[in-house]
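Chemist: Each step along the sequence shown adds one to the number in the numbering used here, with nothing skipped, and position 54 is 54.
None of these hints come from the bench; they were simulated from the model. Positions of the beta carbon are idealized from the N, C-alpha and C atoms, including for glycine. Don't take each hint at face value.
[Claimed, not checked] The calculated label-pair distances, taken between Cβ atoms and stated as ranges, are:
no., residue 1, residue 2, range
1, Gly288, Arg310, 15 to 25 Å
2, Arg18, Gly248, 46 to 56 Å
3, Glu42, Leu64, 22 to 32 Å
4, Glu197, Lys245, 39 to 49 Å
5, Arg310, Ile223, 36 to 46 Å
6, Ser267, Glu197, 20 to 30 Å
7, Arg165, Lys303, 41 to 51 Å
[Stated by the list, open to error] Lysine to any residue pairs mimicking SDA-like chemistry, simulated, CA-CA at most 20 Å apart:
no., residue 1, residue 2
8, Lys135, Asp104
9, Lys232, Tyr10
10, Lys274, Lys303
11, Lys156, Ile241
12, Lys232, Tyr14
13, Lys255, Phe83
14, Lys297, Ser267
15, Lys246, Ile307
16, Lys255, Ser154
17, Lys160, Glu197
18, Lys19, Ile211
19, Lys227, Lys274
20, Lys227, Glu40
21, Lys156, Leu127
22, Lys109, Ile94
23, Lys69, Glu95
24, Lys232, Arg2
25, Lys246, Glu197
26, Lys287, Asp97
27, Lys156, Lys227
28, Lys201, Phe83
29, Lys19, Phe220
30, Lys280, Lys19
31, Lys276, Arg2
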Amino acid sequence: MRLHLNENPYDFPYFLKRKILKAKWNIYEEKDKAKKLISEYEKFPVSGILPGNGADEIIFLIMLAFNKKVVSNFPSFSGYKNFSQILDRDFIEIELDENFDIDDKNILKIKDGILFIANPSNPTSNLFSEEKILKIVEKFNGIVAIDETYIDFSEKDSYKKFLNRYKNLIIIKSFSKSFSLAGIRFGYAISNREIIEKLEKKQLPYSLNSIALSSVKYIFENIDLFKNRVLKIIKERERMISEIKKTGLFILPSKTNFLFIKIKNRSILKELKKEKLMFKIFDLGKKGEFVRISIGKKRDNNKILEITRRYQNEGSYF
1 MRLHLNENPY
11 DFPYFLKRKI
21 LKAKWNIYEE
31 KDKAKKLISE
41 YEKFPVSGIL
51 PGNGADEIIF
61 LIMLAFNKKV
71 VSNFPSFSGY
81 KNFSQILDRD
91 FIEIELDENF
101 DIDDKNILKI
111 KDGILFIANP
121 SNPTSNLFSE
131 EKILKIVEKF
141 NGIVAIDETY
151 IDFSEKDSYK
161 KFLNRYKNLI
171 IIKSFSKSFS
181 LAGIRFGYAI
191 SNREIIEKLE
201 KKQLPYSLNS
211 IALSSVKYIF
221 ENIDLFKNRV
231 LKIIKERERM
241 ISEIKKTGLF
251 ILPSKTNFLF
261 IKIKNRSILK
271 ELKKEKLMFK
281 IFDLGKKGEF
291 VRISIGKKRD
301 NNKILEITRR
311 YQNEGSYF
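Just need the whole structure built from these sequences, with the hints factored in.
Modeler: Below, the structure written as structure tokens:
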């Protein structure tokens, strides 16, 4: 079972797949219609929207548009470091504090750069302090990109409401998680006109395919269906957190579609593999080792809970 890539356990609805397949495949699809639809959905000017081939393309475009060193916290989304290495940019990691919150003081010691903040955080699953994030955005001498790939699972407002106040701020969104579109690749940036124009100049022509662009219309027309799925995932997440806490395990307060659980020894890995569960391990040094597991459907989640209950009874897996 694929519980290692934070994917949505519910596939894109079949009846919408059939509609999307009617898109014309013999023409180069323009992204203007998608821009307008996103603008209406986000209630933000069209000039401040840029669709991309997944959030990954948006991240890459930001690095291309601003020739600066790249900064993020540790741990964070691996793409920030990987893309900076592809572009031969310096990459600086600032460790999260003892409460797994962003370290604003040490970040602000960096004089210039592009700062990527995944909020809610990947892989730690928690939300960072709004006070600290806003302090960083206000005082950081460079671009601040807040990656809101998991925002729909947080029941938290987007930082886009601060875009009029801060001219160095970019918001990154993705359709991969809450809209079940990881295999199609669609994401977008929200920012001021000047930044969006800089990003668009670096974008390859027709980098978005017809299937991805036509999906936007059908997703927004059926938005309640996707919101209800997100609520199901949140409900399952809260059930799992509650049950795992009963075992005495340390688990962060997730505001995403995955869990971040501390492990005491690696015998848990054999147990997970035995159940054919795919997962990801993170070594955070003094903070210890953690396993990141996506929220699946109820039957998948129950297998995880069975393993954690064995810990409660035997005390050997975590």
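Chemist: None of the hints should be skipped; say for each whether it holds.
Modeler: So, going through the hints one by one against the coordinates:
1. The hinted window of 15 to 25 Å between Gly288 and Arg310 holds, with their beta carbons roughly 20 Å apart.
2. A hinted range of 46 to 56 Å holds for the C-beta pair Arg18 and Gly248, which are about 48 Å apart.
3. At about 24 Å, the beta-carbon gap between Glu42 and Leu64 stays in the expected band of 22 to 32 Å.
4. Against the hinted window of 39 to 49 Å, the Cβ-Cβ separation of Glu197 and Lys245 comes to about 48 Å, which satisfies the hint.
5. Look at Arg310 against Ile223: about 40 Å separates their beta carbons, and that is inside 36 to 46 Å.
6. Between Ser267 and Glu197, the C-beta spacing of about 54 Å breaks the proposed range 20 to 30 Å.
7. For the hinted restraint 41 to 51 Å between Arg165 and Lys303, the CB-CB distance of approximately 46 Å keeps it satisfied.
8. Simply put, Lys135 and Asp104 have alpha-carbon atoms about 7 Å apart, close enough for the 20 Å limit, and the pair holds.
9. Our distance criterion of 20 Å between C-alpha atoms is met by Lys232 and Tyr10, whose separation comes to about 10 Å.
10. Distance check on the hinted pair: Lys274 and Lys303 sit about 11 Å apart at the alpha-carbon level, within 20 Å; holds.
11. Taking the CA atoms of Lys156 and Ile241, the gap is about 19 Å. The hint holds against a cut of 20 Å.
12. Between Lys232 and Tyr14 the CA atoms are separated by roughly 19 Å; this keeps the pair inside 20 Å, and the hint holds.
13. Taken as a hint, the Lys255 and Phe83 pair is broken in the structure, with Cα atoms around 26 Å apart against an allowance of 20 Å.
14. For a cut-off of 20 Å, the pair hint linking Lys297 to Ser267 is broken: about 25 Å separates their Cα positions.
15. Between Lys246 and Ile307 the CA atoms are separated by roughly 13 Å; this keeps the pair inside 20 Å, and the hint holds.
16. Of the supplied pair hints, the one linking Lys255 and Ser154 holds, its CA atoms being roughly 4 Å apart against a limit of 20 Å.
17. With a C-alpha separation of about 18 Å, the suggested pair Lys160 and Glu197 falls inside the 20 Å cut-off, and the hint holds.
18. Taking the CA atoms of Lys19 and Ile211, the gap is near 10 Å; set against the 20 Å cutoff, the hint holds.
19. Between Lys227 and Lys274 the CA atoms are separated by roughly 34 Å; this puts the pair beyond 20 Å, and the hint is violated.
20. Annotation: proposed proximity of Lys227 to Glu40 holds, straight-line Cα distance about 17 Å (limit 20 Å).
21. Distance hint between Lys156 and Leu127 is fulfilled; the C-alpha atoms sit about 9 Å from each other, no more than 20 Å.
22. As the CA atoms of Lys109 and Ile94 are separated by approximately 10 Å, the hinted pair is consistent with the 20 Å bound.
23. For the given pair, Lys69 sits about 17 Å from Glu95 by alpha-carbon distance, which is consistent with the 20 Å threshold.
24. As the CA atoms of Lys232 and Arg2 are separated by approximately 18 Å, the hinted pair is consistent with the 20 Å bound.
25. Pair hint Lys246 plus Glu197 does not hold up; C-alpha atoms about 51 Å apart against a cutoff of 20 Å.
26. Simply put, Lys287 and Asp97 have alpha-carbon atoms about 10 Å apart, close enough for the 20 Å limit, and the pair holds.
27. For a cut-off of 20 Å, the pair hint linking Lys156 to Lys227 stands: about 14 Å separates their Cα positions.
28. For the suggested pair Lys201 and Phe83, the alpha carbons sit about 18 Å apart, so the restraint of at most 20 Å is met.
29. For a cut-off of 20 Å, the pair hint linking Lys19 to Phe220 stands: about 14 Å separates their Cα positions.
30. For a cut-off of 20 Å, the pair hint linking Lys280 to Lys19 is broken: about 35 Å separates their Cα positions.
31. Simply put, Lys276 and Arg2 have alpha-carbon atoms about 9 Å apart, close enough for the 20 Å limit, and the pair holds.
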